[in-house]
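Work out the full structure: start from the sequences and follow the hints.
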Amino acid sequence: MSAVGELTQMVSNRKKGGAKEKHPDNKPALVFMLPWLVGLLGITLIPMVASFVLAFTDYSLLAPPEFVGLANIKEMIGDTRLHNSLVVTFIYVFVGTPLQLVMALLLAVVLNQGIKGLAFYRSIFYLPSLLGGSVAIAILWRQMFGANGLINQVAGMFGLTDLPGWVSNPDTALGTIILLHVWTFGSPMIIFLAGLRQIPEMYYEAASVDGASKVAQFFKITIPLLTPIIFFNVVLQVINAFQSFTQAFVVSGGTGGPSDSTMFYTLYLYQKGFTQFDMGYASAMAWLLLIIVAIFTAINFFVSKFWVFYDD
Amino acid sequence: MTDLQSRPTSAEAPGTDAAAPTRRPRRNHLVRRGVRHAIMIIASIVMIYPLLWMVVSSLRPNDEIFRNPSIFPISLDFSNYARGWESLAQPFSHYLMNSTLLVLGCVIGNLIACSLTAYAFARLKFWGRNIAFAVMLMTLMLPIHVVIVPQYIMFSQTGWVNTMLPLILPKFLATDAFFVFLMVQFIRGIPRELDEAARIDGAGHFRTFFQVILPLMLPALATTTIFTFMWMWNDFFGSLIYLTTPDNFTVPLALKSFLDTQGSSDWGAMFAMSVVSLIPLFLVFLFGQRFLVKGFATTGIK
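Protein chains in written order, with my numbering: chain A, -11 to 300; chain B, 4 to 305.
Hints were generated in silico from the structure; no laboratory data involved. Don't take every hint at face value.
[Unchecked claim] Mimicking PhoX-like on lysine-lysine, the simulated pairs with C-alpha atoms at most 20 Å apart in a straight line are: (1) Lys128(B) - Lys62(A); (2) Lys293(A) - Lys208(A); (3) Lys128(B) - Lys293(A).
[Claimed, not checked] Label-pair restraints from in silico Cβ distances: (4) Lys293(A) - Ala137(B): 14 to 22 Å; (5) Ala107(A) - Val49(B): 13 to 21 Å; (6) Arg36(B) - Val19(A): 32 to 40 Å; (7) His32(B) - Leu25(A): 56 to 64 Å; (8) Val75(A) - Gly207(B): 52 to 60 Å; (9) Ser78(B) - Ile187(A): 43 to 51 Å; (10) Asp250(B) - Ile65(A): 36 to 44 Å; (11) Pro76(B) - Ser48(A): 32 to 40 Å; (12) Arg69(A) - Arg36(B): 52 to 60 Å; (13) Val49(B) - Phe265(A): 40 to 48 Å.
[Said to hold, decoys possible] Covered stretches of chain A (chain B as the covering partner; in silico rule of three or more C-beta atoms under 8 Å from a C-beta of chain B): (14) 27 to 35; (15) 113 to 119; (16) 272 to 282.
Beta carbons are placed, not taken as given, at the ideal position from N, Cα and C, and that holds for glycine.
Encoded structure:
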């Protein structure tokens, strides 16, 4: 059962039977759980609270934090660069993620048809998703989509000469990063493939006995039975996409340019917090990110009731 | 979990278990198969071409990178590598060493802390277990940005900024919930009779954990090792924040500063070092793919 599935279940059937269970292992559990507990408090919970408090202060590391009330939030409401970074991030998430997942699903379905050389194709498609998060690939992307880069060289062979650099044009720079994201469809594809293999063969046999076409089988059997896994992928990929940072940073040389067209939210947060050392503002921004991610995850869970189908 | 072990996800025998259930007329079938292969081959080339081209270009003179989109002819000019290796403040081996240290620390931390936590979640009955488990799953989805500012302040007060401690220490505190979850799932698949047999023989929880469970969860430990390796080898956000002087740079930071200093002038050397940085990942991919696929399947699929 996936992490997402497990959470859903816990919410739906919390506390079965009121009888108080015995907890015979309290003492050894404390020892086993100690590192995690210390981490939860020291690395996660306390910093979370601290970041919430800092959101209402002005703090630059040099002087003690100064309480400024809602000033950071007011500033955020008027900060057009921040609004732009939200737009950029939303485009990235809501264009890149669906494209990536559709690619992953399509290729998983084709690969699952019992094609010869499955292991080979799967490896080829999977490799980019392992390397895609690295600085090296971002450097490659910057060259490929530059004015004299690989893409324009290939275009030149087809007679398309004097094309501008894709990464230096504000209209296309974000598109190149979205493309990089789509290129890494291998990991969700692997999850889809594993899910496809768990669909019992007999469903298809029964359907074809009844004369259902391949297309009908795909939409009436494959897709419904795969919805829990699609859901899992959507939740995780959306959460991840909101936090993407490396590619935009490297491709734009850390600036989010040209003219803020690749200024991802996390990149702006980094600039505010760690180059301008405006830690109060960065904390407020971090909480807005948390709220946004939480809202979209909640929407995902809520909407899932209407389209995700659990076989058991 | 149990059905995963009996059902290998790595598909050694394509066509046996996933064969199309319907039998269409033979010729139709052949045509469809041909089309499918053609699509797959084209898709594979599109996917892999940029990588191949980068490797080939790193072995070419600098100016050719902007002239030759083909991967042929393959030249074997290693001067980009020699130049790239020495073009930063330290030889590139220094950054490779830093990254190796970081990865090692994180792997050890994750293996110890996550397996201890996972054993407790999977096998022990203790007060607040369900709540703790739900909290653990929620931290899985928590953006790091919400904690990074106070963490940075905390580590700058302990004087650990510009060391690897802020990156390694959290791993010893089981903050990578992904691996805790992965291991919990794995331990749940180990028959309880084994624990009970150990118990009857007088073993306490610690002996059961070390002598029964830990040896049986080697595949989960391997998956954790490989994922931690890949993620930390690529780690950029955390390293960028905590490692400030070039002496402490890891490979991703070294590449970034390469890009900053060389601008866009020496792409050959930059490609060469990029390829060097990808080699460890590629090796892990070659030899560890089985565990990667399993890891995905275990956490992703019920």
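Tell me, in ascending order, the numbers of any earlier hints that this structure violates. 1, 3, 6, 11
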